[in-house]
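The numbering used here puts the first residue of the sequence shown at 65, with every later residue one more than the last.
Just so you know, these hints were derived from the structure itself, not from any lab.
C-beta: ideal position from N, C-alpha, C; glycine also.
Check before you lean on any hint, since a few could be wrong.
As the list claims (entries may be wrong) - Straight-line C-alpha distance at most 25 Å; calculated SDA-like pairs for lysine to any residue:
{"id": "1", "residue 1": "Lys-118", "residue 2": "Gln-129"}
{"id": "2", "residue 1": "Lys-77", "residue 2": "Ala-103"}
{"id": "3", "residue 1": "Lys-77", "residue 2": "Glu-116"}
{"id": "4", "residue 1": "Lys-119", "residue 2": "Ser-137"}
To be verified - Label pairs and their calculated CB-CB ranges:
{"id": "5", "residue 1": "Ile-174", "residue 2": "Leu-71", "range": "41 to 49 Å"}
{"id": "6", "residue 1": "Lys-76", "residue 2": "Thr-173", "range": "16 to 24 Å"}
{"id": "7", "residue 1": "Lys-76", "residue 2": "Gly-148", "range": "30 to 38 Å"}
{"id": "8", "residue 1": "Lys-119", "residue 2": "Lys-75", "range": "20 to 28 Å"}
{"id": "9", "residue 1": "Cys-132", "residue 2": "Lys-172", "range": "42 to 50 Å"}
{"id": "10", "residue 1": "Thr-111", "residue 2": "Cys-136", "range": "20 to 28 Å"}
{"id": "11", "residue 1": "Gly-134", "residue 2": "Arg-107", "range": "39 to 47 Å"}
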Amino acid sequence: MKSLNELNELKKKAQEYMNLREGKEIARVTVAMGTCGIAAGAREVLTAVMDEIKKRNLQQITVTQTSCPGRCSEEPIVIVEMDGQKVMYGKMDAEKARKMVVQHLVNKTICSEWVI
65 MKSLNELNEL KKKAQEYMNL REGKEIARVT VAMGTCGIAA GAREVLTAVM DEIKKRNLQQ
125 ITVTQTSCPG RCSEEPIVIV EMDGQKVMYG KMDAEKARKM VVQHLVNKTI CSEWVI
């Protein structure tokens, strides 16, 4: 059995995680998690995006998953919706995902070299 303090700490961590998925958003980051995306490394990309957002204490950014958008040769794919603009990034990896969080979400500059 967990103590009340341990349970409250678990609740706090779970709430922080859920806020990444359901926050009042200024931006939405969607990672394609179809079979082809997962095989290409989408899990690691999703984890990197969420870790970088948490590390930088970014607020009001929703992180979600979707199925394959039909561009299997470009997987892993990340879609960023911000300021009324939708940008699709392809052939992402964990390092690119972290850089994308900084450049696109923090500095509000599209990472044109990865746009598809």
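Status of the hints after comparison with the structure:
Our distance criterion of 25 Å between C-alpha atoms is met by Lys-118 and Gln-129, whose separation comes to about 17 Å. As the CA atoms of Lys-77 and Ala-103 are separated by approximately 29 Å, the hinted pair breaks the 25 Å bound. The hinted pair formed by Lys-77 and Glu-116 meets the criterion: a straight-line CA distance of about 16 Å does not exceed 25 Å. At most 25 Å may separate the alpha-carbon atoms for a hinted pair to count; Lys-119 and Ser-137 exceed this at roughly 30 Å.
At roughly 43 Å, the beta carbons of Ile-174 and Leu-71 sit within the given window of 41 to 49 Å. In this structure the hint that Lys-76 and Thr-173 lie 16 to 24 Å apart at CB is violated, the actual value being about 33 Å. Between Lys-76 and Gly-148, the C-beta spacing of about 33 Å keeps the proposed range 30 to 38 Å intact. Checked against the hint of 20 to 28 Å, the C-beta distance between Lys-119 and Lys-75 comes to roughly 21 Å, which is consistent with it.
In this structure the hint that Cys-132 and Lys-172 lie 42 to 50 Å apart at CB is violated, the actual value being about 28 Å. Hint check: Thr-111 to Cys-136, Cβ distance near 21 Å, so the stated range 20 to 28 Å holds. Distance hint check: the CB atoms of Gly-134 and Arg-107 are about 20 Å apart, inconsistent with the given range 39 to 47 Å.
Taken one by one, the earlier hints fail for this structure at numbers 2, 4, 6, 9, 11, listed in ascending order.
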